[in-house]
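*Asks:* Sequential numbering from 170 applies to the sequence shown in this note's numbering.
It is worth saying that the hints were derived from the structure and are not from the lab. Since this is a predicted model, take the numbers as computed values, not measurements. Idealized CB from N, CA, C, for every residue including glycine. One or more of the hints may lead you astray.
Unchecked claim - Okay, the calculated beta carbon distance ranges per label pair:
{"hint": "1", "residue 1": "H204", "residue 2": "D358", "range": "28 to 38 angstroms"}
{"hint": "2", "residue 1": "N344", "residue 2": "D258", "range": "22 to 32 angstroms"}
{"hint": "3", "residue 1": "F283", "residue 2": "E260", "range": "22 to 32 angstroms"}
{"hint": "4", "residue 1": "A363", "residue 2": "E260", "range": "38 to 48 angstroms"}
{"hint": "5", "residue 1": "L280", "residue 2": "S244", "range": "27 to 37 angstroms"}
{"hint": "6", "residue 1": "E405", "residue 2": "E326", "range": "39 to 49 angstroms"}
{"hint": "7", "residue 1": "G199", "residue 2": "N388", "range": "37 to 47 angstroms"}
{"hint": "8", "residue 1": "M294", "residue 2": "R190", "range": "30 to 40 angstroms"}
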Amino acid sequence: MANILNSLSKIQKGDVVLSVRDIKKTFMEGGQPLHILRGGGFDLHRGEIIALVGPSGSGKSTLLQCVGLLDKPTSGSILLTGVPVQKMDDEMRTMMRRRKIGFVYQRHNLLSDFTAVENVALPMMANGVDERTAMARAMKLLRAANVAHRASHLPGEMSGGEQQRTAVARALANNPEILLADEPTGSLDPAHAASVFELLLDLARKNKMAMLFVTHDMNLASRADKKISICDGIVE
170 MANILNSLSK
180 IQKGDVVLSV
190 RDIKKTFMEG
200 GQPLHILRGG
210 GFDLHRGEII
220 ALVGPSGSGK
230 STLLQCVGLL
240 DKPTSGSILL
250 TGVPVQKMDD
260 EMRTMMRRRK
270 IGFVYQRHNL
280 LSDFTAVENV
290 ALPMMANGVD
300 ERTAMARAMK
310 LLRAANVAHR
320 ASHLPGEMSG
330 GEQQRTAVAR
340 ALANNPEILL
350 ADEPTGSLDP
360 AHAASVFELL
370 LDLARKNKMA
380 MLFVTHDMNL
390 ASRADKKISI
400 CDGIVE
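Given only the sequences and the hints, what does the whole structure look like? Please build it.
*Replies:* Listed below in structure tokens is the structure:
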């Protein structure tokens, strides 16, 4: 385990942080196989931003779940800086998600009983960071996301845009190598959507993070360094 984490800490800008090959995912529905992902792959380099596009139901979210270690592909390979994900046990997968991958979902998924600053601090505390240090970093991230003035507010007391900005700050809490975003602006009105997307791009580029984001909006996709698509279940 230590060797894997050490290898991830040594990657440099431009190195491949995520490599996907011949990925396949099949679900059983009514006793019949449903082939969502049917092959293909891509490389994601450090500092690179990739847009993942394709029609609804094509498997974009399924792919994101697999590369984010929230689900396992039926076959194929996923490597994090050359380390095969399929060789990781559940404990290691959980640790990798916490330390190396940040998620931004279409809905903010903030914990309703915790304030904005607490929501951002909790992932750090789950990784063993002491509360005082976690809260201090959480405030810095909220300032970077322009929602520090909402630090003591519960999610229900915030606007949709403020909630999503807080979710972006939370995704960066553990300084991830890879940022995954699944339609991160899909639940927002156009003005707030543009603002949140600019924040994502700005923070990803400033921190030299790799980012893979799902979108139906080709205008947003055009802002990425490159696009990949899923067509008939093939990632290309």
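*Asks:* Now look at each hint and say whether the structure bears it out.
*Replies:* Hints versus structure:
| no. | hint | verdict |
| --- | --- | --- |
| 1 | H204 x D358: 28 to 38 angstroms | 36 angstroms, holds |
| 2 | N344 x D258: 22 to 32 angstroms | 24 angstroms, holds |
| 3 | F283 x E260: 22 to 32 angstroms | 25 angstroms, holds |
| 4 | A363 x E260: 38 to 48 angstroms | 40 angstroms, holds |
| 5 | L280 x S244: 27 to 37 angstroms | 35 angstroms, holds |
| 6 | E405 x E326: 39 to 49 angstroms | 44 angstroms, holds |
| 7 | G199 x N388: 37 to 47 angstroms | 38 angstroms, holds |
| 8 | M294 x R190: 30 to 40 angstroms | 36 angstroms, holds |
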